[in-house]
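Participant: Based on the sequences and whatever the hints tell you, model everything.
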Amino acid sequence: MNIISHRGSNISKYQKNTKHALLTAINLDFISGIEFDIRITKDKKIVIIHDPIINLVSNGSGLVKKLTYKKLLKYNFGTKENPSKICTLEELLDNIKNNKKILIELKDESNDYKQFVDIVYNIIKKYQLNIYIASFNYELIKYFSKKYNKCGLIIGNGINLNKKYNNFDYNILSYKYRKIYNKKETFLWTINDKKEDLEKYNIITDKPYLFKN
Numbered sequence: 003m004n005i006i007s008h009r010g011s012n013i014s015k016y017q018k019n020t021k022h023a024l025l026t027a028i029n030l031d032f033i034s035g036i037e038f039d040i041r042i043t044k045d046k047k048i049v050i051i052h053d054p055i056i057n058l059v060s061n062g063s064g065l066v067k068k069l070t071y072k073k074l075l076k077y078n079f080g081t082k083e084n085p086s087k088i089c090t091l092e093e094l095l096d097n098i099k100n101n102k103k104i105l106i107e108l109k110d111e112s113n114d115y116k117q118f119v120d121i122v123y124n125i126i127k128k129y130q131l132n133i134y135i136a137s138f139n140y141e142l143i144k145y146f147s148k149k150y151n152k153c154g155l156i157i158g159n160g161i162n163l164n165k166k167y168n169n170f171d172y173n174i175l176s177y178k179y180r181k182i183y184n185k186k187e188t189f190l191w192t193i194n195d196k197k198e199d200l201e202k203y204n205i206i207t208d209k210p211y212l213f214k215n
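Numbering (our numbering), first residue to last: 3 to 215.
Just so you know, the hints here were simulated from the structure itself, not pulled from any lab data.
For each residue, glycine too, the CB sits at the ideal point set by N, CA and C.
Hints should not be assumed to be uniformly reliable.
FRET-style restraints, in silico, Cβ to Cβ [said to hold, decoys possible]: (1) K46 - N151: 23 to 31 Å; (2) E83 - I182: 39 to 47 Å; (3) N97 - N124: 13 to 21 Å.
With a straight-line Cα cutoff of 30 Å, these simulated BS3-like cross-link-like pairs (lysine-lysine) come out [as the list claims (entries may be wrong)]: (4) K186 - K166; (5) K197 - K181; (6) K44 - K72; (7) K144 - K47; (8) K102 - K87; (9) K185 - K209.
Facilitator: Shown next as structure tokens:
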């Protein structure tokens, strides 16, 4: 079983999807990798954040795609006790010094994803790291896969079930669909309690310590 820390959750005093949380997670011996989400800002910077709006994850407000990176830097994406600035993709990758799995989910709710993909690709190609790219957006990941190996589709909970047999390098599945293409590398999301038949999978979890041997 490979333990993949979901956004660096519950692994340190830092908020999930922050640089400190993700770096703490990826440097722990029992963790095999990290998962996090990225979006594009108004000025075409790639930042680590899950939500399309910043209201619930910072002391600011607004849509990520309508805000500049400079504006986003004014807000606290951590806690009062442990404040954190929003982190760019490059800033995080610059600080990873091992070959553990880095699972990056591209968040884009529009059909205008090509510029986003091109910018992300031009960033990750600079690094000799073990980077996996994923999305719920089938057309986005299909486009990305023409440029890059290690691209996967997220499937489950009623999403992309009609595309479960695909030619991508791996799948990210909810637990009930875990036996789809069991000869293909598979990530299971988001496993937060112990279940049967997990040994051969990459487990994306908010509770990494629960699965520590």
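Participant: Next, verify each hint and record whether it holds.
Facilitator: Do the hints match the structure? See the list:
1. As the Cβ distance of K46 to N151 is approximately 25 Å, the hint placing it in 23 to 31 Å holds.
2. Against the hinted window of 39 to 47 Å, the Cβ-Cβ separation of E83 and I182 comes to about 43 Å, which satisfies the hint.
3. Distance hint check: the CB atoms of N97 and N124 are about 19 Å apart, consistent with the given range 13 to 21 Å.
4. For the hint linking K186 to K166, the alpha-carbon distance of about 12 Å falls within 30 Å, and the restraint holds.
5. The hinted pair formed by K197 and K181 meets the criterion: a straight-line CA distance of about 14 Å does not exceed 30 Å.
6. At roughly 10 Å between alpha-carbon atoms, K44 and K72 fall within 30 Å of each other, so this suggested pair holds.
7. Under the criterion of a C-alpha separation no larger than 30 Å, the hint pairing K144 with K47 is consistent with the structure, at around 22 Å.
8. Note on K102 and K87: the hinted pairing holds, with a Cα-Cα distance of about 24 Å set against a maximum of 30 Å.
9. Between K185 and K209 the alpha-carbon distance is near 26 Å, which keeps this suggested pair within the 30 Å criterion.
Comparing the model with each earlier hint shows no violations; every hint is respected.
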